[in-house]
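Protein chains: 2
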Amino acid sequence: MLPFENIILIDKKSSIAVYKQIANSIINTVRNGVLKPGTKLPGSREMASILNVHRKTVIASYDELEAQGWITVFPRKYVMVAEKLPLLHPKKWDETELAYSYDNDLKINFRIIDKSWCVERDTVEIIIDDGHPDVRLSPIDELLKTYRSFTSRQPAIKSANKGTAQGTVRLREEMVKFLSITRGLTINTDNILITHGAQMSIYLAAQLLLNTQSTIIVGKPNYTVANETFIQTGTQLIEVSVDEYGINTDQIEQLCKKKKITAVYVIPHHHYPTTVTLSVERRMKLLELSNRYSFVIIEDDYDYDYHYASSPYLPLASANHQGNVIYIGSFSKLLDPSLRIGFMAAPKNFIVQCTALRKMIDVGGDGYMQNALAELIKTGELKRHLNKTKKIYHNRRDFLNDLLQSQLSEYISFTVPNGGMAVWITLRKDYSVKQLQNTPLLKIIRTDEESNSFRLGFASMNEQEIEITIDLLHNLLKKQ
Amino acid sequence: MLPFENIILIDKKSSIAVYKQIANSIINTVRNGVLKPGTKLPGSREMASILNVHRKTVIASYDELEAQGWITVFPRKYVMVAEKLPLLHPKKWDETELAYSYDNDLKINFRIIDKSWCVERDTVEIIIDDGHPDVRLSPIDELLKTYRSFTSRQPAIKSANKGTAQGTVRLREEMVKFLSITRGLTINTDNILITHGAQMSIYLAAQLLLNTQSTIIVGKPNYTVANETFIQTGTQLIEVSVDEYGINTDQIEQLCKKKKITAVYVIPHHHYPTTVTLSVERRMKLLELSNRYSFVIIEDDYDYDYHYASSPYLPLASANHQGNVIYIGSFSKLLDPSLRIGFMAAPKNFIVQCTALRKMIDVGGDGYMQNALAELIKTGELKRHLNKTKKIYHNRRDFLNDLLQSQLSEYISFTVPNGGMAVWITLRKDYSVKQLQNTPLLKIIRTDEESNSFRLGFASMNEQEIEITIDLLHNLLKKQ
Numbered sequence: 051m052l053p054f055e056n057i058i059l060i061d062k063k064s065s066i067a068v069y070k071q072i073a074n075s076i077i078n079t080v081r082n083g084v085l086k087p088g089t090k091l092p093g094s095r096e097m098a099s100i101l102n103v104h105r106k107t108v109i110a111s112y113d114e115l116e117a118q119g120w121i122t123v124f125p126r127k128y129v130m131v132a133e134k135l136p137l138l139h140p141k142k143w144d145e146t147e148l149a150y151s152y153d154n155d156l157k158i159n160f161r162i163i164d165k166s167w168c169v170e171r172d173t174v175e176i177i178i179d180d181g182h183p184d185v186r187l188s189p190i191d192e193l194l195k196t197y198r199s200f201t202s203r204q205p206a207i208k209s210a211n212k213g214t215a216q217g218t219v220r221l222r223e224e225m226v227k228f229l230s231i232t233r234g235l236t237i238n239t240d241n242i243l244i245t246h247g248a249q250m251s252i253y254l255a256a257q258l259l260l261n262t263q264s265t266i267i268v269g270k271p272n273y274t275v276a277n278e279t280f281i282q283t284g285t286q287l288i289e290v291s292v293d294e295y296g297i298n299t300d301q302i303e304q305l306c307k308k309k310k311i312t313a314v315y316v317i318p319h320h321h322y323p324t325t326v327t328l329s330v331e332r333r334m335k336l337l338e339l340s341n342r343y344s345f346v347i348i349e350d351d352y353d354y355d356y357h358y359a360s361s362p363y364l365p366l367a368s369a370n371h372q373g374n375v376i377y378i379g380s381f382s383k384l385l386d387p388s389l390r391i392g393f394m395a396a397p398k399n400f401i402v403q404c405t406a407l408r409k410m411i412d413v414g415g416d417g418y419m420q421n422a423l424a425e426l427i428k429t430g431e432l433k434r435h436l437n438k439t440k441k442i443y444h445n446r447r448d449f450l451n452d453l454l455q456s457q458l459s460e461y462i463s464f465t466v467p468n469g470g471m472a473v474w475i476t477l478r479k480d481y482s483v484k485q486l487q488n489t490p491l492l493k494i495i496r497t498d499e500e501s502n503s504f505r506l507g508f509a510s511m512n513e514q515e516i517e518i519t520i521d522l523l524h525n526l527l528k529k530q
Numbered sequence: 051m052l053p054f055e056n057i058i059l060i061d062k063k064s065s066i067a068v069y070k071q072i073a074n075s076i077i078n079t080v081r082n083g084v085l086k087p088g089t090k091l092p093g094s095r096e097m098a099s100i101l102n103v104h105r106k107t108v109i110a111s112y113d114e115l116e117a118q119g120w121i122t123v124f125p126r127k128y129v130m131v132a133e134k135l136p137l138l139h140p141k142k143w144d145e146t147e148l149a150y151s152y153d154n155d156l157k158i159n160f161r162i163i164d165k166s167w168c169v170e171r172d173t174v175e176i177i178i179d180d181g182h183p184d185v186r187l188s189p190i191d192e193l194l195k196t197y198r199s200f201t202s203r204q205p206a207i208k209s210a211n212k213g214t215a216q217g218t219v220r221l222r223e224e225m226v227k228f229l230s231i232t233r234g235l236t237i238n239t240d241n242i243l244i245t246h247g248a249q250m251s252i253y254l255a256a257q258l259l260l261n262t263q264s265t266i267i268v269g270k271p272n273y274t275v276a277n278e279t280f281i282q283t284g285t286q287l288i289e290v291s292v293d294e295y296g297i298n299t300d301q302i303e304q305l306c307k308k309k310k311i312t313a314v315y316v317i318p319h320h321h322y323p324t325t326v327t328l329s330v331e332r333r334m335k336l337l338e339l340s341n342r343y344s345f346v347i348i349e350d351d352y353d354y355d356y357h358y359a360s361s362p363y364l365p366l367a368s369a370n371h372q373g374n375v376i377y378i379g380s381f382s383k384l385l386d387p388s389l390r391i392g393f394m395a396a397p398k399n400f401i402v403q404c405t406a407l408r409k410m411i412d413v414g415g416d417g418y419m420q421n422a423l424a425e426l427i428k429t430g431e432l433k434r435h436l437n438k439t440k441k442i443y444h445n446r447r448d449f450l451n452d453l454l455q456s457q458l459s460e461y462i463s464f465t466v467p468n469g470g471m472a473v474w475i476t477l478r479k480d481y482s483v484k485q486l487q488n489t490p491l492l493k494i495i496r497t498d499e500e501s502n503s504f505r506l507g508f509a510s511m512n513e514q515e516i517e518i519t520i521d522l523l524h525n526l527l528k529k530q
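Top line first, the protein sequences correspond to chains D and X. Going by our numbering, the first sequence runs without a break in its numbering and finishes at 530. Going by our numbering, the second sequence runs without a break in its numbering and finishes at 530.
Some hints here could point you the wrong way.
You can't tell identical chains apart in this list, so a pair holds if it fits in one copy or across any two.
[As the list claims (entries may be wrong)] Result set (DSSO-like, lysine-lysine): computed pairs, CA atoms no more than 30 Å apart in a straight line: (1) Lys-428 with Lys-440; (2) Lys-493 with Lys-212; (3) Lys-270 with Lys-335; (4) Lys-409 with Lys-398; (5) Lys-208 with Lys-433; (6) Lys-165 with Lys-441; (7) Lys-195 with Lys-212; (8) Lys-335 with Lys-208; (9) Lys-227 with Lys-63; (10) Lys-127 with Lys-208; (11) Lys-398 with Lys-70; (12) Lys-106 with Lys-227; (13) Lys-441 with Lys-208.
Hint data in this document are derived by calculation from the structure and do not stem from the laboratory. Predicted model, so just to flag it, every value in this text is computed and none were measured.
Full structure from sequences and hints, please.
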């Protein structure tokens, strides 16, 4: 007989009931090929004595095993491993191998997305983000109060669980008004898809528009994740330069003359990572080119709402474009990076297909959160929040500007951005952004080694925190 | 001079400031090619009189336009449309075309995911879901209280905004314990990816494993969205039959002998849509085949936690499988379909690539919600909820069973499921499930016309609601 006292390990301190531990051990022994179909097991009285547990516990285990079909019980006779189970060639009894199947690699071939994977460092003093909002200012409390109220009433539950693939009707209706008032967009609810942030809109557009036969133009430098997302589709990616007026439209025109362009990805303001605003003449030029050469403009306007020098520039999507502009935005920058709500505005035929793909990806979004956000827009709370934070971020930008001038001017050069939540800082020749990263004290989310630059997000920090950050940078650069 | 009083339309009741309305109108007129670069505009005094607004309003508009680069102001001389703007061939002045660009279709070719798109009916009396939980029983309040507490403290904010692509460390740590206790899984935090529900895990696995050279085996019938997700990758999809013991493993073996199989997708309990439980012998057989023929098992165990006939069957993933099982689960069924949190357990090398792809899709999940869920697991609240609802759903299943027997037995046949949240009901020959759907009174989420069957989710309904639903079905079938 098998040494059950060694095979069936009972941990009385475990939160798993003892009878289940016994059943699970027997199941594992059968699954491992050690206990063969047809093998007799000790009766409940004997097993109880072997394992030093109450007989009722063993009976409960056997009941469980019988209900699932692992064993056959012949009452008052004997208990045996079910005969119909497949006969396995027993493996060497090896507890480690059994327990840690997931320590193995998956050995079947699969697609590799990222070869450079590294574990994130966990302990850093200061993280310089690439332009996060200050979550402490956000009306999250308002949002969650509304959220809670929705989860207890049956009509609100139904509303939240319906049509979340495209976004709840309630949020799309509010979005139509919000985008009209803030961005001059003329759309209806069929033109809107609610996504998990701007990135999902980029992904969906890339998946539907791009393939091995297509070509997309992007700025250099560009939002890296967007580039990776495009490249994964097999598309050809062509970079054109970005200067103080944004992406170079003359270069785009030259390319259009030479080959068929499928799409142009543009971040009109404020360009990521350089923070420049696309000038109005280039905006007009881009629209004209799109019309002439029939390419799609993917307009990633993630940063629209925070422009300090004037009102934000009206998006390309608000102009006459025959339906050629796919407009992308996000609430992550307005409220909280963790609140994954963004949107896409596009012609209905495209939204329909994006919604179908999105259904496959994750069924839909969090309907309560969407409806709570709709309420935040409707009551004007979001607008008040925007007005408040715009002033605060504007002040923080100016505060940072003064500090950079007075403390770091011998190490860096930069242009004060007209808006947004970050400054693009270029180190002078004798200093290295790579070396800046090589300290456990600091983690910078977005650096660019080629241009020796990095993004310094200021919106998420109050004045004291900005001071601490600049002091740290000062100390680190001084030592280089 | 252009008839500005007709071009610049001011709506004093609009929530957009009048000076912005004026600026936006002028921008649109320039973008439309009607106002050409170099054209002089009326001075602020004259324009104010034309538009019947205060002169200061026009000055504010002009300031705005100048800041953005649309016009050039020569103080005390004149104002003109900036000369550097590109010259457009003016379009016919057509307000409709201008305003409704998004009424156009996107005319560039793109991938079509779903050809059968239809608008959802909005007004139905009763929705028969395919197995939703009863949200009214869920501890959403607990969850949101914790959520709120996290959004106000800086360390909690940092924790929630870090590493959300794979899932917060906090939730992954709790998941490791939770999956060990409830499912006998031996994994660590590197083996876990937190997703937006089970569907996202299916999507990620499909994207990485399948392509035009691969073959996947699924049950017939199957969860339709999974099939669609697989087919989109270009893979060959082979269906094998599902009977009362689950997917037919003999047929799988025959197929393995004939050709290279990449993956088998299996819903061990309770199969969607038929609700059958995969028997233990077939589970063992499937593991053995996976080992012998080196295919991946995608184990979609969305419904694990609700098994009434015995404890739930241990997942395939808990057996010895050399890392060949990709295990998929979800909290949508435990708490709320709108709470988009699910997970995948797999070998680390696969999780790493899934995380990389997931970053492209939507950056990551809602870190606060993940940490709040972690807290719910840690405090035992989730387990209490599970125990409570298991009893309630068990009773509802029995209540429904009695009603089906007494009221509908002449119209239907069905097998009481051992667990889960739905009953698979087959109509007798003289009645049609298609016709059942053809009434504005009722919407059934999952029907299968081939087998004349549908899923009747009972968990989301209390006894009174179940009675109303059965009454409605009775009345509709009586009339057929």
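Results of checking the hints against the structure:
1. Taking identical chains as interchangeable, the C-alpha atoms of Lys-428 and Lys-440 lie at most 30 Å apart only when both belong to the same chain, with a minimum of 19 Å there against 39 Å between chains.
2. Proximity of Lys-493 and Lys-212 under a CA criterion of 30 Å is satisfied inter-copy only: 12 Å between copies versus 41 Å inside one chain copy.
3. Taking CA atoms no more than 30 Å apart as the test, Lys-270 paired with Lys-335 passes inside one copy only; the shortest distance there is 19 Å, against 54 Å between copies.
4. Within a single copy, Lys-409 and Lys-398 get their C-alpha atoms as close as 16 Å, and across copies as close as 27 Å, so both meet the 30 Å cut-off.
5. In this assembly of identical chains, the alpha carbons of Lys-208 and Lys-433 lie at most 30 Å apart whether taken from the same copy (28 Å) or from different copies (26 Å).
6. Taking the shortest Cα distances, Lys-165 and Lys-441 never come within 30 Å of each other, neither inside one copy (42 Å) nor across copies (48 Å).
7. Both within a single protomer and between protomers do Lys-195 and Lys-212 lie at most 30 Å apart by alpha-carbon distance, with minima of 21 Å and 25 Å respectively.
8. In the homo-oligomer, the alpha carbons of Lys-335 and Lys-208 never lie at most 30 Å apart, since the shortest distance is 46 Å inside one protomer and 42 Å across protomers.
9. Only between protomers do Lys-227 and Lys-63 lie at most 30 Å apart by alpha-carbon distance; the minimum there is 14 Å, versus 59 Å within a single protomer.
10. In this assembly of identical chains, Lys-127 and Lys-208 lie within 30 Å of each other by CA distance neither inside one copy nor across copies; the values are 55 Å within and 62 Å between.
11. Taking the closest pair of Cα atoms, Lys-398 and Lys-70 come within 30 Å of each other only across two copies (28 Å); inside a single copy the shortest separation is 54 Å, beyond that limit.
12. Taking the closest pair of Cα atoms, Lys-106 and Lys-227 come within 30 Å of each other only across two copies (27 Å); inside a single copy the shortest separation is 67 Å, beyond that limit.
13. Taking identical chains as interchangeable, the C-alpha atoms of Lys-441 and Lys-208 lie at most 30 Å apart only when they sit on different chains, with a minimum of 24 Å there against 39 Å within one chain.
Of the numbered hints given earlier, the model fails hints 6, 8, 10; all others are met.
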